[in-house]
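**Q** Listed below, chain by chain, are the residues.
Protein chains: 2
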Amino acid sequence: MADLRETGLALDPKYDANGLVTAVVTDAASGALLMVAHMNAEALALTLASGDVHFWSRSRARLWKKGETSGHVLNLVEMRVDCDQDALWVIATPAGPTCHTGAPSCFYRRVSADGALERIA
Amino acid sequence: MADLRETGLALDPKYDANGLVTAVVTDAASGALLMVAHMNAEALALTLASGDVHFWSRSRARLWKKGETSGHVLNLVEMRVDCDQDALWVIATPAGPTCHTGAPSCFYRRVSADGALERIA
Chain X
1 MADLRETGLA LDPKYDANGL VTAVVTDAAS GALLMVAHMN AEALALTLAS
51 GDVHFWSRSR ARLWKKGETS GHVLNLVEMR VDCDQDALWV IATPAGPTCH
101 TGAPSCFYRR VSADGALERI A
Chain D
1 MADLRETGLA LDPKYDANGL VTAVVTDAAS GALLMVAHMN AEALALTLAS
51 GDVHFWSRSR ARLWKKGETS GHVLNLVEMR VDCDQDALWV IATPAGPTCH
101 TGAPSCFYRR VSADGALERI A
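Chains as they are written, first to last, in my numbering: chain X, 1 to 121; chain D, 1 to 121.
If you are wondering where the hints come from, they were derived from the structure by calculation, not from laboratory data. Incorrect hints may have been included.
Copies of the same chain look alike in the list, so a pair counts if it fits in one copy or across any two.
Said to hold, decoys possible - Simulated pairs of lysine to aspartate or glutamate, EDC-like, Cα-Cα distance not exceeding 20 Å: (1) K14 with D114; (2) K65 with E118; (3) K14 with E68; (4) K14 with D84; (5) K65 with D27.
Using the sequences and the hints, build the whole thing.
**A** As structure tokens, this is what we get:
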């Protein structure tokens, strides 16, 4: 029997035990991976309705509009969903550095084969 | 006090309660998001040592060399880690379609604002 989550054309996110799916954000212009976070149903609905990317903050246990404090919002350009619908690809235009450290992307360190990290300029 | 996980140059993954970090795979050539999966310490070590991307399969509860059955392996080109070290960015060259459905990427459907999905050619 075909799995409608995989073949269907209706959004039916497979939320985990905490009601979350993984959200992967890339930069619409450069294609770079900016951050990985989580959305609950409310964050997903708000993102689609407003065009401002929202997450569920696991550390603060609350809804989180990205950039609500810093102003570094993420404007949604396009969203995709993966085969089993437990991950979302958020293609966005960032209004500033995405990482709370001030780096453009949260992925500012390269991993060497020996486990050392190298900071990327 | 500075958080060494964020500022340091040592790989120190922040594994979740199940011993996993999120692994986001993009295509080294096209930059496209291919898949999102998970790694435990063993999968991460094997990936770095062999250059073949390994995951921990949550559904099968076992180590999983991507492409072990299909031959559609992922060859590691570069790995990065995010600020709080709970996500890895795996930049890889795929030997074939990444998705088990035969699609090049697991993210083969676009999400509309109204929640409808559209298959991408």
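**Q** The structure should be examined with respect to each hint, and the outcome stated for every one.
**A** Hint-by-hint comparison with the structure:
1. With identical chains, the CA atoms of K14 and D114 are at most 20 Å apart between copies only, with a shortest distance of 18 Å across copies and 36 Å within one.
2. When the C-alpha separation of K65 and E118 is checked against a cutoff of 20 Å, the pair qualifies neither within a copy, at 30 Å, nor between copies, at 26 Å.
3. Proximity of K14 to E68 under the C-alpha cut-off of 20 Å is found in neither arrangement, the shortest distances being 27 Å within a copy and 26 Å between copies.
4. When the C-alpha separation of K14 and D84 is checked against a cutoff of 20 Å, the pair qualifies only within one copy, where the shortest distance is 7 Å, while the shortest distance between copies is 25 Å.
5. Taking the shortest alpha-carbon separations for K65 and D27, only the intra-copy value of 17 Å comes in at or below 20 Å, while the best inter-copy value is 29 Å.
The structure shown violates the earlier hints numbered 2 and 3.
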